[in-house]
Amino acid sequence: MKLFEYVRRGAWPEVVGYGLFVTLLAAGYYYNITFVQLGLIDLGTRLVGLPATTVSAWMGALALVTFAAAVGFGILMDRRGWSRELRTKLRALFAVLCVQFVLTMAAPHVRDPAAFGAWIVAASVSMGVGFPVTFSLTIDFVPVRDRGYVAAAATAVAYFAGNVYPLEWSIGAFSRVMAVAMVPGLVVLGALALRDLGFVDAVADNHREFGVGRFCRPDTVQLRSFAFLGPLALMFGVFFVDSLGFLRIVETPALVRSAWQSPDFSVHLLIGAVHVVGAVAAGVLYTNFDRNWLFAWVFGLFALTHLLYTFDLRLASAVPGLAGGAPPLVNPIFYALTVSFYTTLNFALWPDLSTPATIGTHSAVGVGFAGFLSTFLSTAVALYFEHAEVTLISHLSLVNALALLLFVALGLSLYGRAVYRHARAGPVTTGRAERGAHDDAPGGEP
Amino acid sequence: MNPIELALSLVLAVLLIGAFGGEPATLQVVADGSHEFESAPDALVVAGGTATVPANESVDGSVYAVGGSLAVDGTVEGDVVQVGANVSVGSGGAVVGTLRVLAGDPTVADGASVERVERLEPTATDRSPVTALTVRLVQWLFVAALAAGFARRRPDLLDNVAAAATDHPIVSGVVGALTGATALALVVFMALTLVLIPVSLLGVLAGIVCVAYAYAVFGYLLGRRLPVDRPDLAAAAGSVLFVAALDLLGRVPLLGGTLQLALTAVGVGAVLVSYLGFSRFEPVELPA
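Chains as they are written, first to last, in this note's numbering: chain A, 7 to 452; chain B, 738 to 1025.
Since the hints were derived computationally from the structure, they do not count as laboratory data. Do not take every clue at face value.
Take a look, some chain A residues computed to stay more than 10 Å from chain B by CB distance [stated by the list, open to error]:
#, residue
1, L53
2, P114
3, R151
4, A210
5, V227
6, V336
Now the stretches of chain A that chain B is said to cover, found in silico as 3 or more residues with beta-carbon under 8 Å [unchecked claim]:
#, stretch
7, 284-291
8, 302-312
Positions of the beta carbon are idealized from the N, C-alpha and C atoms, including for glycine.
Using the sequences provided together with the hints, build the complete structure.
Right under this line is the structure:
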């Protein structure tokens, strides 16, 4: 790791940059997975008194507005050159944090549907601005070599904290935790953004060395190229599969109370630990293998996870007397492993498909389209399923089928590409055969 | 009762029925609650809850008790097979067939009639030191023969796997651990479908071969440091030393088992990332 080199050299601004980036990314993601995804459901259904389907529709709207705001601000960042200006990005992030702090404090007091809607629009815009800004900090703080491990660290911290604390999924609990966490963040980020600190100047030019992503060497990746659209489509599939499956699981008391909302703290600790293990494994794989291997692992693990869930449900439906039993913990454990895998991939992928001139747009389109638009669509599909009274087993079977299909399609497309490459290469000579064998080495680019 | 526990119990019951030559036309399962049986199908499986054959009642078929409790106060015309469940035969109860005990301790009251009791429960103490040593020797010889064979005919395969294990232990360990965990889950769930039991057994066999291959590679690495000129003999000797050392390691509480697992994960991962040794593993090149 390059981090150890910096520590040996005593390059402390760079070392601090690692810590700052992991903290910002982990805190931002923690805010997203707890306060926004879980807290809003509680706020909308319990405090505002809206039906669950209406709240789900608002969540879909949140995803759509966030996507639009992220893409708009990402493009603006690249066109104005803000993506290269660390201080400008820190100021933008400080502004986002200020808005989110106010929104966080106000959330538990929202009582009527109009205020709820306004709150969601404001939160969506602030999050939409926050995503490209946070992701573009990668080029200032994280060398290309270490991105897999740094992404793993952010994933591990966010999910471990998210599973261990708070245990109560209520907007009040989330609001208290976030408000307390945001105060030191506001102080530090405010100082960095508004004061003339040496730290910012020391790392301000790092984007010249760190800026060109792993997959942009030797040629830069264009937004409309297959090199960008391919991973974008795959990541869209990952988020869609996860969201569609988890939306139903989280609404099934028997499944969620035996895992993510278990009264037993050791279950939370176990799931948090599995997230850490999964993130570390994903970091190692991302650093040493081509990204497609990680995609294959993610789809394969999702397929296996939903296979486990549907197996239990089929067995329970075959023997109805068993339906009240506690579902096995192996299912959420595999789910946690998979989620850590794809989150690590998501954190590292978009900066690695970008340069300092494109990171605003690429990370906004990547996170916005793959992350938020897919969530919007899966929410819509889940609502339709609910309206059509699709059973739990049918719902999860469909998600399982989708994961399997994506897994097989990815495998076939990789194999097809290899066949196409060999076919274009013409008759095999000894030298070419040796080169071909090297190309297919597991660590190489397929 | 947990569905997975029930499924495992059912698999066990089906295997038992097959093992004891039963071909039942109908089968009934008790998974939960208390049930009394005055008559039963050809086979009754008690996987959970409590099943009772009341006094003065008779059950024609055999009863397989793999979980929960079975109380025989009446008559069972067939066999009773006990695997871990609680089985009691009351003072007025009778088992006309054989009471086969694979695991557990049945309670047979005075005055109960049991035609024959067969204890098939295997225990670790049953194995004499000579038998245990013989089994261990066969394992060592298998790994040694594998290492020697590869060292003589295809040392390049061992070199490639060894390079992955020594140059990239973390990558190999991660791949080995991940593959091991997911493959284990897959094999178990394939077995639960019953139809895929043969595929599941093949998977287990492939796993064993993979582990043996990994141990042979570690033996090969160890053999290179021994004062033996012939590479095949050195690999064989190294393998025996490695497996014996691994066995000794297992006797250290907690740490020993963890190290055993870690070494196995690294070895299996190295076998996989090097495509069974047919390719030299090279991580992707990243900017300095």
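Quick rundown of the hints versus the structure:
1. L53: 36 Å, holds
2. P114: Label holds. Min Cβ-Cβ 39 Å, cutoff 10 Å.
3. R151: About 5 Å separates R151/A from the closest Cβ of chain B, which leaves it inside 10 Å; violated.
4. A210: 20 Å, holds
5. V227: 15 Å, holds
6. V336: 7 Å, violated
7. 284-291: holds (count 4)
8. 302-312: holds (count 4)
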